[in-house]
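Hey, can you work out the whole structure from these sequences and the hints?
When we follow the numbering used here, the leftmost residue of the sequence shown carries the number 3, and every step to the right adds one.
Please keep in mind that the hints were generated in silico from the structure rather than gathered at the bench.
Keep in mind that a hint or two might mislead.
[Claimed, not checked] Simulated crosslink set (SDA-like; lysine to any residue; CA at most 25 Å straight-line):
{"id": "1", "residue 1": "Lys5", "residue 2": "Ser49"}
{"id": "2", "residue 1": "Lys45", "residue 2": "Gln14"}
{"id": "3", "residue 1": "Lys12", "residue 2": "Val44"}
{"id": "4", "residue 1": "Lys38", "residue 2": "Ala19"}
{"id": "5", "residue 1": "Lys5", "residue 2": "Ile25"}
{"id": "6", "residue 1": "Lys38", "residue 2": "Pro11"}
{"id": "7", "residue 1": "Lys38", "residue 2": "Phe13"}
{"id": "8", "residue 1": "Lys38", "residue 2": "Ser49"}
{"id": "9", "residue 1": "Lys45", "residue 2": "Ile25"}
{"id": "10", "residue 1": "Lys18", "residue 2": "Val6"}
{"id": "11", "residue 1": "Lys38", "residue 2": "Gly16"}
{"id": "12", "residue 1": "Lys5", "residue 2": "Ala39"}
{"id": "13", "residue 1": "Lys8", "residue 2": "Leu37"}
[Said to hold, decoys possible] Simulated DEER-style distance windows between Cβ atoms:
{"id": "14", "residue 1": "Ile25", "residue 2": "Glu48", "range": "30 to 36 Å"}
{"id": "15", "residue 1": "Gln50", "residue 2": "Ser21", "range": "32 to 38 Å"}
{"id": "16", "residue 1": "Gly16", "residue 2": "His51", "range": "29 to 35 Å"}
{"id": "17", "residue 1": "Pro24", "residue 2": "Asp4", "range": "32 to 38 Å"}
{"id": "18", "residue 1": "Ile29", "residue 2": "Ile9", "range": "30 to 36 Å"}
{"id": "19", "residue 1": "Ser23", "residue 2": "Ser49", "range": "36 to 42 Å"}
{"id": "20", "residue 1": "Lys5", "residue 2": "Lys52", "range": "16 to 22 Å"}
{"id": "21", "residue 1": "Phe20", "residue 2": "Ser49", "range": "30 to 36 Å"}
{"id": "22", "residue 1": "Leu47", "residue 2": "Gly27", "range": "16 to 22 Å"}
{"id": "23", "residue 1": "Lys52", "residue 2": "Lys12", "range": "25 to 31 Å"}
{"id": "24", "residue 1": "Lys52", "residue 2": "Asp22", "range": "39 to 45 Å"}
{"id": "25", "residue 1": "Val44", "residue 2": "Asp22", "range": "20 to 26 Å"}
{"id": "26", "residue 1": "Pro11", "residue 2": "Ala39", "range": "17 to 23 Å"}
Computed from a predicted model, the values in this text were never measured in an experiment.
By construction, the Cβ of each residue, glycine as well, lies at the ideal position given by its N, Cα and C atoms.
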Amino acid sequence: MDKVNKISPKFQDGLKAFSDSPIIGEIIRIFGEALKATEERVKELESQHK
3 MDKVNKISPK FQDGLKAFSD SPIIGEIIRI FGEALKATEE RVKELESQHK
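Below is the structure:
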C-alpha cells in the first residue's frame, strides 16, 4: 500500500489531464470509483488480520 500511496497522486494528476474528453472522463469516473472501493476493502481486510 505504501507504494500505491506514493505513486497515486502522480497517476491521478496524469489522468486528470485527459478529463476534458467525455469518454476519458467517464472512464476515469468509473475506474476511480472502483479503485476507491478496492482501497477501502483492502484496508478492511488489513484491519481484520492485525
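Discussion item. Checking each numbered hint in turn, tell me which of them this model violates, lowest number first.
Written reply: 5, 9, 18, 22, 25
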